[in-house]
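> Spelled out, the chains give:
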Amino acid sequence: MRLELASFVVSHVGFVNDPREAGLQGGILSVDRAGLLRELRADHRLEAVDLDLVRPGEDARLLGLHDIIEPRAKVDGPGHVFPGVASRPLMTVGAGRTHRVAGVGVAACGPGLTAFGGAPGWHESLAFYLDMRGPAALPPFADLLLVCVLAVPRADLPPRERAQAVWDAALKASLHLADLTRGASPDALDVYETPAVAASLPGVVYLPLFSSPEHYGGSVDAFGTSIYGLTRLTPPLWLHPNEMHDGAVGRCGTWIHQNHPIVADLYRAHGDSLAFRGVIVQRTRWTSEPQKRWTAQQTAKMARMLGATGAIVTWDYGGNDFLEVAYTIEACEAAGIKTVWVTVEQEKAGNPGSLLFMPPTADAVVSTGGLLLRDVPPPGRVVGFDDGALPPGVVAEGDQIRSVFGEFDFYGLRNRSRVDF
Amino acid sequence: MVLTALPELVASVGAPRIVRGVRIEHVCGDPSLPPDQDRALRRQLFDTALAALGTAVVTPTVFEPGAAGHAA
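In the order they appear, the protein sequences are chains D and R.
When we follow the working numbering, the leftmost residue of the first sequence carries the number 13, and every step to the right adds one.
When we follow the working numbering, the leftmost residue of the second sequence carries the number 21, and every step to the right adds one.
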């Protein structure tokens, strides 16, 4: 599998009225606002759509944030940059040439639901936010030029349809922006392939665990992290690292998965200090202990069969998802695979923390810390939707605290060693 | 006495009597069953819990609903 990732660096995004002026020139992305809105408004699931722009450093807050997506386009080779999502072609990705618009994100904003759930009685959390200035301007997201898609789904639709409609609008906008790079020459070109390496190098696998709210949200594709379009609980999947780089995983922080720091680091080390044997993706929040052991043991077996002697484990939620993490670490260590667990330390006051117990073999744990922001000044302007529970300018009141998009740094986007703290 | 879908975890923190429940998201019954079967299941769980409370234990003990004599 050989993937060429062509980067187009954008330093400014603006809307234009004349569609002939749309394009990418000298780092300036000019977007045909009316044309894009026409495209998005064609979705009958949406009652209203609007577009806005926010810049790093601007005194602005995004509210009701579902996702942030890096605009990408597949210009050569098989597949689609959002494979299997909302009727887009389902084909293994990670080969050919993909364009990415560097420095830009499309922010999916919608009322009511969050990306992780929304069925009545489950996860009625406060709207996620992101500030472009101040303590809640979290890198890397607040460093992006954000094209905000403000999508209001029809109220009579079930939660699944509403969530899908909001996300789909942002995906369409991402594709529209990325299409403006066709024909232009990139600022950088990275080639990803995994040639055979010296047999003496230790095999390492990356084991990300993604929570699936299938039993809570009542959907197989609308809530939680999406793998080739499915969010449901599935057995472990073996992915080539290129699949991670080329859109196989998305939805809860699509931008993060498109620019995954751990996959990138393991790739850089491939052939040098290790042999990157791939990514084994698991789902968590299975409904019983035997099921949780089932996925962990299959993963450890696959890792051993792939010749791994080392593994990096991550997760993306909390609560009983911890059991899958613990069982995975135990099963890998029992199979002779040294594991390192990279995790956040849980956060909200009164919450006892993520570590329900500590498996004796989990002796190598990297903490990316925790984040609890209460004293965040109100912004100059708010873009998006509030939930009515707190005023839009307020992020914390008593027990109610809004979450900042990306506050749980599961993958080490920010602090990666104690030196960084 | 703890009724839970995660009996190993609960045993590891030392709860003396543990009854295995149905699933994490609905521990005390099964809404996928027809109502009368769900009610029978809930009754069985309750009876197991009551029997567990009346059983002397030394170490954390998991009681399986429906097993003869109850204690696993």
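Simulated from the structure, these hints should not be mistaken for laboratory data.
For each residue, glycine too, the CB sits at the ideal point set by N, CA and C.
There's no promise every hint is true.
To be verified - Only some residues are given here: those of chain D computed to face chain R with a beta carbon under 10 Å:
hint : residue
1    : Ser99
2    : Arg100
3    : Leu102
4    : Thr104
5    : His227
6    : Tyr228
7    : Asp328
> Now tell me if each hint is right for this structure.
Hints and how they fare:
1. Ser99: violated, 29 Å
2. Arg100: violated, 31 Å
3. Leu102: violated, 29 Å
4. Thr104: violated, 33 Å
5. His227: Given a least distance of 5 Å, the restraint on histidine 227/D holds.
6. Tyr228: Result: holds, 6 Å to nearest chain R Cβ.
7. Asp328: violated, 18 Å
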